[in-house]
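Q: What follows is the residue order along each chain.
2 protein chains.
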Amino acid sequence: MGMKKFINDPKDLTKELLEGLALSNPSRLTLAENKLVVSTNLGDKKRVHIVSLGGTGHEPAISGFVGPGLLDISVPGDIFAAPGPPVCIEALKMANEASQGAGVLFVVLNHAGDMMTANMTMEMAEDMGLNVKKIVTQEDISNAPRDNWDDRRGLVGCVPLSKIAAAAALDGKSLDEVYDVAMKFNKDMATLAVALRGATHPQTGDVISVLGEDEMEIGMGQHGEGGGGRSKVKTADETTEIMTNALIKDLSIKSGEKLMLIINGSGATTGMEMLICFRKAYKVLEAHGNEVVASWVDEILTVQETAGFQLFIAKMDEELLNYWNAPCDTPYLRVTK
Amino acid sequence: MGMKKFINDPKDLTKELLEGLALSNPSRLTLAENKLVVSTNLGDKKRVHIVSLGGTGHEPAISGFVGPGLLDISVPGDIFAAPGPPVCIEALKMANEASQGAGVLFVVLNHAGDMMTANMTMEMAEDMGLNVKKIVTQEDISNAPRDNWDDRRGLVGCVPLSKIAAAAALDGKSLDEVYDVAMKFNKDMATLAVALRGATHPQTGDVISVLGEDEMEIGMGQHGEGGGGRSKVKTADETTEIMTNALIKDLSIKSGEKLMLIINGSGATTGMEMLICFRKAYKVLEAHGNEVVASWVDEILTVQETAGFQLFIAKMDEELLNYWNAPCDTPYLRVTK
Chain A
1 MGMKKFINDP KDLTKELLEG LALSNPSRLT LAENKLVVST NLGDKKRVHI VSLGGTGHEP
61 AISGFVGPGL LDISVPGDIF AAPGPPVCIE ALKMANEASQ GAGVLFVVLN HAGDMMTANM
121 TMEMAEDMGL NVKKIVTQED ISNAPRDNWD DRRGLVGCVP LSKIAAAAAL DGKSLDEVYD
181 VAMKFNKDMA TLAVALRGAT HPQTGDVISV LGEDEMEIGM GQHGEGGGGR SKVKTADETT
241 EIMTNALIKD LSIKSGEKLM LIINGSGATT GMEMLICFRK AYKVLEAHGN EVVASWVDEI
301 LTVQETAGFQ LFIAKMDEEL LNYWNAPCDT PYLRVTK
Chain B
1 MGMKKFINDP KDLTKELLEG LALSNPSRLT LAENKLVVST NLGDKKRVHI VSLGGTGHEP
61 AISGFVGPGL LDISVPGDIF AAPGPPVCIE ALKMANEASQ GAGVLFVVLN HAGDMMTANM
121 TMEMAEDMGL NVKKIVTQED ISNAPRDNWD DRRGLVGCVP LSKIAAAAAL DGKSLDEVYD
181 VAMKFNKDMA TLAVALRGAT HPQTGDVISV LGEDEMEIGM GQHGEGGGGR SKVKTADETT
241 EIMTNALIKD LSIKSGEKLM LIINGSGATT GMEMLICFRK AYKVLEAHGN EVVASWVDEI
301 LTVQETAGFQ LFIAKMDEEL LNYWNAPCDT PYLRVTK
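Note that the protein sequences, when read in sequence, are chains A and B. Numbering-wise, our numbering puts 220 at position 220 of the first sequence, and it's gapless, one number per residue. Numbering-wise, our numbering puts 65 at position 65 of the second sequence, and it's gapless, one number per residue.
Heads up, some of the hints might be wrong.
In this list, chains with the same sequence are indistinguishable; a pair is considered to hold if it fits within one copy or across any two.
[Said to hold, decoys possible] Below are the BS3-like pairs computed for lysine-lysine, each with C-alpha atoms no more than 25 Å apart in a straight line: (1) LYS315 / LYS232; (2) LYS234 / LYS4; (3) LYS4 / LYS46; (4) LYS15 / LYS283; (5) LYS173 / LYS11.
To be clear, the hints were calculated from the coordinates, so they are not data collected in a lab.
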């Protein structure tokens with residue numbers, strides 16, 4: 001289909017979208033030097049600060065979740081590209097100083113570029129004596145089995161994980177404690193994606209993935225990486241049931257467990273479809289004996305105009321639920337008191 | 001392109017999407033008989049209640065804005081179709097009773113079907129002695145001049161108008177006063193839409209509008225009604241500047257006036273594009289001597305997988321801004337304290 005989008009010079013995409021984000025949310029975040037997106041809450045008190053990094057082109061993630069009660073700093077790369085270590089170190093230094101000694105949790109999605117940047121950054125941070133712990137999100141069940149965790153990609157789970165970590169930080173937990181809370185959530189979360197139509201790279205016009213007019217693909221990654229689940233298009237209920245059951249199996253969910261359920265639209269999916277699929281996933285989980293105690297249906301982490309969604313499930317206990325329900329005020333996630 | 005969506009039986013779309021909305025937002029709304037979507041805040045105290053109606057297929061609008069601090073009841077029709085007067089009367093009766101004598105503001109978008117239903121409903125409400133005032137939103141500048149106001153279609157403006165009216169109601173204003181506040185906003189708001197790609201009707205598969213691969217259309221209505229502004233695709237900045245200037249002219253905006261600025265994505269528009277266009281509109285208004293005091297960039301009222309956006313501007317004074325900033329907690333708009 002080629003590239004038919006409201007853009008200007010493709011090389012300015014990231015700069016311009018971040019300007020728009022800052023101008024539309026002056027009470028929540030500011031755009032600092034080197035495109036760092038910084039919460040207005042930065043340095044409000046001695047507490048752990050939360051930093052994340054990632055390419056743009058996935059709006060609203062991740063910079064749209066900077067603000068009081070969630071990310072303190074995001075480090076955006078260019079479209080689908082990790083930022084370099086120097087700007088990440090700058091963010092970690094700023095957050096570490098703002099934390100007044102409490103330290104920094106560095107949330108990284110498991111993608112090759114992000115990981116290379118994060119690992120180099122962590123080495124530099126150690127040399128500089130910064131108090132930083134890294135946590136890697138890797139919950140895509142499509143491309144590796146659970147016992148090969150390190151090969152799993154990070155999908156939408158980075159956002160609720162960061163939210164929970166941020167609430168724990170505001171609650172006065174130490175860096176080790178914040179890390180432990182986040183890891184508890186991390187270990188018991190899983191995502192599976194499905195796509196009906198792929199997207200184009202907004203700078204190059206390259207087609208990220210191609211699906212036939214009657215095809216869908218379960219397991220498509222964030223940049224069109226195949227998951228091997230290509231089939232004829234199924235109904236919403238059939239598709240959602242297959243995906244929910246796959247997540248139940250991967251997480252070994254038992255009857256009686258309380259869950260978070262998220263439908264993350266991939267970009268061009270209608271709200272109508274997302275709600276219909278949420279309904280089915282909810283019913284499958286209910287029939288399995290589970291209670292959905294936390295929900296979110298929206299475009300959270302997108303891939304341009306991809307049609308499809310990510311189905312996310314995580315196990316919840318009282319502590320995680322309290323942190324999920326703690327107030328936050330960001331451009332694209334707000335929890336009221 | 002035909003219809004390639006995650007749905008089940010097309011006749012169940014509305015029922016299923018409303019189920020999903022209710023299941024994902026149990027603290028905010030419930031799904032009552034006859035598909036009425038009802039705020040958990042209904043009848044909380046003696047105050048004006050706010051009711052609106054409209055077809056589904058435009059998610060999250062309008063039912064996604066039911067909840068404490070915004071709509072008390074929405075009356076959904078089927079896809080792109082107005083509900084019938086009987087169910088609207090049921091909603092008005094329920095809201096009137098819950099208002100404990102304070103009365104009901106009935107927010108109606110100016111579209112033929114919605115208006116026919118609303119007018120018949122108002123006649124019945126009068127016969128029954130219900131305390132209801134109707135307000136019609138009609139802010140699309142593309143299809144009629146300002147002095148022919150009654151021919152203008154209602155677009156995204158119904159949502160901020162309902163938000164402001166609801167806050168005035170919670171503030172204890174009388175029905176006449178709530179109406180006056182809403183009318184002040186209504187008279188000085190305007191929207192212009194642009195589309196790059198049309199959509200399909202999710203029940204029939206009918207193509208709602210067709211645009212050539214190199215075409216865009218300024219002024220496209222909510223159901224593909226043409227606005228006469230078809231041209232070759234322009235850049236984001238060129239398009240936004242044309243649209244912002246048209247709104248400035250229509251509203252006779254003077255330097256120094258404070259404004260609300262909204263970019264409403266039409267369905268398949270990327271967050272990246274919306275933010276880039278917001279940025280340009282903001283800069284055009286800034287250069288014109290105006291201050292943007294209220295912002296919103298999101299998918300609010302969509303038309304399935306349409307690619308494009310609505311640019312909305314309204315004049316703001318201190319009262320309107322206070323009501324806009326008052327807390328609310330709905331599925332797709334939340335204002336924190």
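Q: Checking LYS173 and LYS11: alpha-carbon separation at most 25 Å within a copy, between copies, both or neither?
A: Classified as neither; 41 Å inside a copy, 51 Å across copies.
Q: Measure nothing new, just compare the shortest in-copy and cross-copy C-alpha distances for LYS234 and LYS4 to 25 Å and report within, between, both or neither.
A: between (28 Å within a copy, 10 Å between copies)
Q: For LYS315 and LYS232, with the copy left unspecified, which applies at a CA distance of at most 25 Å: within, between, both, or neither?
A: Classified as neither: same-chain Cα gap 31 Å, cross-chain 50 Å, threshold 25 Å.
Q: How would you label the pair LYS4, LYS46 (within, between, both, or neither) given a Cα cut-off of 25 Å?
A: For LYS4 and LYS46, the Cα distance exceeds 25 Å both inside one copy (47 Å) and across copies (51 Å).
Q: How do LYS15 and LYS283 come out at 25 Å by Cα distance, when the copy is not named: within, between, both, or neither?
A: between (42 Å within a copy, 15 Å between copies)
The structure fails to meet hints 1, 3 and 5 from the earlier list, while all remaining hints are met.
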